[in-house]
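Engineer: Spelled out, the chains give:
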Amino acid sequence: MNKKQLKPVKWIVNIAFVIISFIALFPILNLILSSFRPASEIMRNGISLVFDPSSLSLNNYKFIFTEATTYWGWYGNSLIIAIVTIVLSLFFSAMVGYALALYDFKGRNLVFMFVLFILMVPFEILMLPLFQMMIKMQLVNTYTAVILPAIVAPIAVFFFRQYALGLPKELMDSARMDGASEYGIYFKIMLPLMAPSLAAMAILQGLGAWNNFLWPLIVLRSNSMFTLPLGLATMLTPYGNNYDVLITGSLMTIVPIIILFIFFQRYFVSGLTVGGVKG
Amino acid sequence: MSQTPLSRNTSPEYTVPPIKEPNKLFKFLNSKKVVPYIFVSPFIISFLIFSLYPAIQAIIMSFQSILPGQIEFIGMRNYSRVFNPTFYKALSNTSIYVVLTVVILVIFPIILAVLLDSKIVKFKTFFRASLFMPALASTIVSGMVFRLMFGETDTATANQILGWMGIAPVDWRFNAWSGMFLMVLLCSWKWMGVNILYFLAALQNVPKELYEAADIDGASSLKKFIYVTLPFLKPVTIFVGTISVIAGFRMFEESFVFWEAGSPGNIGLTVVGYLYQQGIQQNDMGFGAAIGVVLMLIIFIVSFIQLILTGAFKKEGQ
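In the order they appear, the protein sequences are chains A and B.
Numbered continuously in this note's numbering, the first sequence closes out at residue 279.
Numbered continuously in this note's numbering, the second sequence closes out at residue 318.
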């Protein structure tokens, strides 16, 4: 194709991308717009495109910030669960990935097989026995029950291993000669070198914990213990008319994720691609 | 008396304490042989308790009838019960969903990624970011928005648009075809940008010289795409296809957010939904476990066939 022929193609492709991007953003933009509209109208009409602009107000926000105490309880539950999950799963997974990559030890391949085993077996089949276990341990309806199975983060282990394979082993040897302990080498020298991979996994694990639904649905029983997705889902009843909380509340669940994403965008992309391309 | 350790050691009247023998326990714990085991031990423990044990337990449970306080071994009875019309309905829903989402989530992201990688498109960063945005919202939140946009009333977004085109409104959540459409749409909308990122990353690895060589040979853009780009995208395509199949068979939330516990005529029932309904809601854990085991076998078989068909087991050059 010569340049003259290419021009209309360029236009068509670019316009197509504008349309596709609009479609991708449309539900979110629609959600933002709806958060300013009266809940009663949304209940009656669903999210409609044509509405009376004079009906826009901050009432939903006023309501959720002053009266929706249950909602903020869910928010707190989600934050606690997400933060603890991120910290624990990164702490343990990074150690495993590092050891798998940089130490020679008997059983290394076996441990790596364990990692692949968890990656292959769908969580849904483990769910019922785990639920039974939580009942026996009397952990049902606690944060612990939600967090415990998530401490094993095989994807994170896999990712950290891939990343640690690229770290210089000589650094460890020279630190040993200087008399550093193995733990000192890990925590003071190697772990800081793994910082980019930690950032990437913090986001992936955080996103997973924040948006997790099925497992919390099973082990959390009382409304006050619910996480955000759970709480919002319970409001989606045929008779529900809590659209003020539902709409503004849904919008605000995205806020921490967006903040996390803006801070670590670079690492997020590498976090997503390492498994797929290098794998 | 606040003396620094340094002045203590240098002061003549202070007796230097004998240098402690290096702690034997610490020496042992710090040896290169032991350290890796310490590093992996928390993982091993949690793997045994939270993955391996439940996996074995799930298989055992699938042969049991489990009631509070009384567990009975009942052989294959759970399995013979699994293959019933409701399960077939759930399985066919899930299979249709898997096929549709995999086709959509492989073909469109490849095309969009190739275009995004080319010189044709401007504002690449903006397009990439906006296509990725849907992945950030949970399925429950985005599903709620979809549910309101695809409401039954004439005034809800989707029906409003249909109305402008002179098409009668649709009861989106109450027809088999539109129910499936909603689930597939939600999934495709959410994961499109993620898969585009996978393909974009793979495209960075295609050597530029190959395109130049093709240019010299006078290859058209389409030919370059088919003979140069696609072969390089094969590994990532297999990867994306495999994870899409597995994720598709595990689908639950898309269905839950549109219909909660039950859809009319089970139009939205999925295999995991059926597992949840029987194992948790009906408290028939043995039966639920059997559904889980069948699901796992299906996933294994399908992934295996997929890997053979895509030639992942073939060696280079074969």
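Don't take every hint at face value.
Straight-line C-alpha distance at most 25 Å; calculated DSS-like pairs for lysine-lysine [to be verified]: (1) B:24 to A:188; (2) B:224 to B:234; (3) B:24 to A:7; (4) A:10 to B:122; (5) B:119 to B:223; (6) B:124 to B:234; (7) A:188 to B:27; (8) A:7 to B:208; (9) B:119 to A:7; (10) A:188 to B:33; (11) A:7 to B:27; (12) A:7 to B:122; (13) B:32 to B:124; (14) A:10 to B:223; (15) B:208 to B:234; (16) A:136 to A:106; (17) B:223 to B:208; (18) A:106 to A:169; (19) B:124 to A:10; (20) B:234 to B:223; (21) B:122 to B:223; (22) A:106 to B:32; (23) B:32 to A:188; (24) B:208 to B:124; (25) B:24 to A:10; (26) B:224 to A:7; (27) A:169 to B:234; (28) A:169 to B:27.
Pairwise CB distance ranges, derived in the manner of DEER restraints [as the list claims (entries may be wrong)]: (29) B:74 to A:191: 44 to 54 Å; (30) B:56 to A:266: 38 to 48 Å; (31) B:79 to A:72: 18 to 28 Å; (32) B:32 to A:83: 45 to 55 Å; (33) A:22 to B:29: 56 to 66 Å; (34) A:189 to B:161: 35 to 45 Å; (35) B:247 to A:139: 43 to 53 Å; (36) A:19 to B:306: 26 to 36 Å; (37) A:72 to B:25: 26 to 36 Å.
In case anyone wonders, no lab produced these hints; they're calculated from the structure.
Note that the structure is a prediction, hence the values are computed from the model and not measured.
Glycine residues also receive a C-beta, built at the ideal position from the N, C-alpha and C atoms.
Engineer: So, for every hint listed, does it hold in this structure?
Structural biologist: Cross-check of the supplied hints:
| no. | hint | result |
| --- | --- | --- |
| 1 | B:24 to A:188 | 23 Å, holds |
| 2 | B:224 to B:234 | 15 Å, holds |
| 3 | B:24 to A:7 | 76 Å, violated |
| 4 | A:10 to B:122 | 9 Å, holds |
| 5 | B:119 to B:223 | 17 Å, holds |
| 6 | B:124 to B:234 | 24 Å, holds |
| 7 | A:188 to B:27 | 19 Å, holds |
| 8 | A:7 to B:208 | 23 Å, holds |
| 9 | B:119 to A:7 | 12 Å, holds |
| 10 | A:188 to B:33 | 20 Å, holds |
| 11 | A:7 to B:27 | 72 Å, violated |
| 12 | A:7 to B:122 | 13 Å, holds |
| 13 | B:32 to B:124 | 49 Å, violated |
| 14 | A:10 to B:223 | 19 Å, holds |
| 15 | B:208 to B:234 | 17 Å, holds |
| 16 | A:136 to A:106 | 35 Å, violated |
| 17 | B:223 to B:208 | 15 Å, holds |
| 18 | A:106 to A:169 | 19 Å, holds |
| 19 | B:124 to A:10 | 13 Å, holds |
| 20 | B:234 to B:223 | 16 Å, holds |
| 21 | B:122 to B:223 | 23 Å, holds |
| 22 | A:106 to B:32 | 12 Å, holds |
| 23 | B:32 to A:188 | 17 Å, holds |
| 24 | B:208 to B:124 | 19 Å, holds |
| 25 | B:24 to A:10 | 72 Å, violated |
| 26 | B:224 to A:7 | 19 Å, holds |
| 27 | A:169 to B:234 | 33 Å, violated |
| 28 | A:169 to B:27 | 22 Å, holds |
| 29 | B:74 to A:191: 44 to 54 Å | 51 Å, holds |
| 30 | B:56 to A:266: 38 to 48 Å | 42 Å, holds |
| 31 | B:79 to A:72: 18 to 28 Å | 46 Å, violated |
| 32 | B:32 to A:83: 45 to 55 Å | 34 Å, violated |
| 33 | A:22 to B:29: 56 to 66 Å | 59 Å, holds |
| 34 | A:189 to B:161: 35 to 45 Å | 59 Å, violated |
| 35 | B:247 to A:139: 43 to 53 Å | 28 Å, violated |
| 36 | A:19 to B:306: 26 to 36 Å | 32 Å, holds |
| 37 | A:72 to B:25: 26 to 36 Å | 48 Å, violated |
In summary, the numbered hints that this structure violates are 3, 11, 13, 16, 25, 27, 31, 32, 34, 35 and 37.
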